[in-house]
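**Q** Protein sequences, first through last, are from chains G and L. Under this note's numbering, the first residue of the first sequence is numbered 36, with each subsequent residue one higher. Under this note's numbering, the first residue of the second sequence is numbered 71, with each subsequent residue one higher.
The hints are simulated quantities; they were obtained by calculation from the structure and are not laboratory data. Computed from a predicted model, the values in this text were never measured in an experiment. Check before you lean on any hint, since a few could be wrong.
Ranges of calculated distance between the beta carbons of each label pair, as one might list FRET restraints [stated by the list, open to error]:
1) GLY372(L) to ASP505(G): 22 to 32 angstroms
2) GLY196(L) to THR254(G): 32 to 42 angstroms
3) LEU500(G) to LEU121(L): 22 to 32 angstroms
4) ASP234(G) to GLY372(L): 49 to 59 angstroms
5) GLY255(L) to ASP256(G): 49 to 59 angstroms
6) PRO162(L) to GLY202(G): 24 to 34 angstroms
7) THR254(G) to VAL151(L): 22 to 32 angstroms
Chain L stretches covered by chain G per the calculated footprint, using a threshold of three residues with CB under 8 angstroms from any CB of chain G [claimed, not checked]:
8) 105 to 111
9) 154 to 168
10) 207 to 215
11) 323 to 331
Yeah, the Cβ is synthetic: ideal placement off N, Cα and C, and Gly gets one too.
If you want the building blocks of each chain, they are given just below.
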Amino acid sequence: MILLVPLDPVHDVGLKMIKRALEEAGHDTVLLPPDMTPSEIIARAEKIRPSHILVSRTLGYQAEEVLARLADLADAAGIRERTRMIIGGMAVRPELAQELGFDAGFGPGTSPSEVVAFIEGRPAPSEQCEEVRSKKDLTAGYTYRFKDESVGKLAEELADELLLWAGERTSPAVERAEIRHAALMEGRSVGEDYLALCDEVVRAAYRTGTPPKKTRHLTSDEQRHLRTLGKRQYGASRPRSHAGLVLFVQYGTGCPFMDVAHIKAAVAWGADGVVHFDPSWGARTEGLLEGWLTHEEDGSVITPENLRAIREGLEPWVLWQVRAHRGLNTPETVVLAGHSGADLTKINIAYGSLGGGTDPERLAVDGVAAMRWAARFSMPFDIVTNEELSGVPAGKAFASMLVMAALAKKVGARPILQPLFCKSPEVMIGGYMSDNYVDFNAAKVLVLRDILDAPVWPGAPVGFLTQTEDRVQSSLTTGLHACLAGFLGADAVTIASSDEAYSGGPITAAARTDTLTAVQAAARFFGRCAITLTAEAERFRRLIYAQICDALTEAQKAPSFVQAIYDGVFGSREDGAHPGRNGRGTVRMK
Amino acid sequence: MTCIAVIGTAKNTGKTTTMSAMMNAAREMGVPYGVTSMGYDGEELDSITLLPKPRLYFREGAYVATARECLDASEAGFSNVEILPLDSALGPICVATVSKPGLVIVAGPARSRHMRLTAAALARRGSRLVLVDGALGRVSPASVVDFVVLAQGASRSRDVAQLARECSAIERLLALPVKEVFMPGRVTYRAAGRTVSLGTGSLMDEASVRALLHRLSEGCGQILVPNAVTCAALSELGTCPPGLAQGKTLVFADGIRLLVGNCAEHSWELVQRLQTLGFIVCVARAIPLLAVTANPYYPRAGADGTYREAYVDKQTLLRALREAVAVPVIDVRDESGRVLMELVHKQWER
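Start from the sequences, fold in the hints, and give me the full structure.
**A** Below, the structure written as structure tokens:
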């Protein structure tokens, strides 16, 4: 027998839902009228000897006193040895239930089946999920077969040529990656041979112990607090309902402690994965630092110690991506990510060259080496196409992405296609989103799905240039873009915080939870509904496909893939893409 | 082992501050001690007022009983963690030794029997003194302790005279004469040479009392009430004809049972009425009040809905409470730990 007690005369809907669920599960229930006093309730409990008393109540100052009195009276009456007391309500948390003297507390978002499971002594349905909650392999089930044979042939030929070309060359980053790997395997710091391949600022940091400007070492006290924070487990406090999508958020506050705090907040709000952002100067500097380093500005410094500390702060099921895609430390970053236990990385030669500021020749050598390392660590990586934000048409960006995918497959790596969901310059100039934000983004996924059997992970983050400084608007548009990814059968999605573009300073944890909440609310709203695209989507699909074919055909005419990048085949100066200059002249023949 | 509960009449009356003071004093005096709570100590801010709450800081070597989740989330380090077969809303209760000092979130058992087992586990660890922090106005788990300290404060009421009257009532209810009898599981009385039990261990409402009074005869001498008794039941007992009440002994399990419900003043008035009728009101087990700590603080709600720290006049409060009770009344912030530990030592010397 289960006694249901609506202490709140108005808000007893939840209790009635639970009553129905309990009765359907074969339990006898008695629902008391509202507004009974604690002694009347316990008197009834003495008579009917229930196994459980379920109390629902919204909380205010006085309500706590009434609930505490009820628990106290039940204990004094000696009924708690046979009767467990449960409290539920909008403000209830387990900590509050504990303070009030109850055996369990259920807060917002609790389903009747969770309460039934608790009463029956079974793991809650959400706990069951949590137990089996494991890292999802975004690449599982994909064959990487080119469904479009003509595009596949072009991409593979370009990949073959690039592999041969890169095989004859090396760079300081390629050599540093080898040295770093050996050092990590032996659990030691890198030596002078490494420093000889670094920029002066990095050399000085190793030799004098003085970290670069705007960074400092964490004190031993701070390291201790960071470890303590990392061990704390908050679990997932929110039900996850984003339609099978794996949901990624970005972090990179500069400070590893704040990173772990933000990660824990994001995970508690339903994030499945997190993406590490490093400072932009990290991409322009030869060599990676060591030690527990905090950075005054955006971007968290990649060091073995920082990555390990962040790793320790991750719940076991959280996917962790450390980006390596754009700079002068690409292969070494993959090595560090692999040794630190990262699940994913990010590599794209064309984007890093056209939108990331690195010399195409240099990044081609480094990118191929990085892909080989990713394959060695069995670490899938996404091929991001953020050069669209510079103005590169989606089709051109996709052409180089498909060459990268073919290349990755050849070295045994597992790539993930990352189209942008954004209102890019191409879209604005072409008026492709004059009616809606759906058709053009959908066309991108459709065209990629037609060409290659590979996972798709829109990002990064979705909704670029559709968000404003209004946090409600930003959250809403983020939620809708994420749902669009779900409608299109994407495997994952990366979302921004609600103040990402307009924060003017550090991003707050609250802004991260804004968008996570928005995604869940939007996913809950749409459920399993489908969307209908307009005829424009098909026009965009054909446009993007033609751009891909044109770019690949053009690239084949160039002396090499790398030269094709310099020549603007995958994004020209007119488009807004400029081949980077960092690391120019550092590639040498083996 | 001596077990002391710090109980309060409401939130923010100074329970945790009193606990901290006693923990510090016990450590200074070299008394091995263990700590648990009948609720949850660990919030940085009050959930309603959003004002800061005191936290329990543990030194190395102290013992603690808290829920497993709380060990993981605490700042202190622990060794020899033993999981007790006792559940709480935050997972099983564990007993541990503090190996690295720091703040600890303390969430202990909410049931009396579990509190007894937890205190015993802390004693097995080596605690000579076990301190139990109360929660809100809850007191029932204190029915297994040896002494209580009452934390009274302006958070309960800004009316100092009322606070004093309430303290006095609590002191008197905890000082009822002791009649050492075996307590059965149900309300029991003897009539015509045989023992009669009601179907309940408590006197919860008028109906249960009427059932008792209906069956009572003049020959019946002693009525045992092992579990709870409410004000409604005490009030109904007061309708007993004086002839029937005269000379009958009413034995409650302990004084704490008369405090459950958080209406001590009313309970004491009703007990006095029973005494006037001729009942001899006793308890089976003494749980003496050791001292009262006074806290002038209260959270004041502003017009904008936020709360701010506020205080009643401390001297007025101390004077009023001291006039009202016989036990020492201590300023919660002023050497309260040392004074309380001296009181504990006096008990040990007896």
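**Q** What hint numbers does the structure not satisfy?
**A** 3, 6
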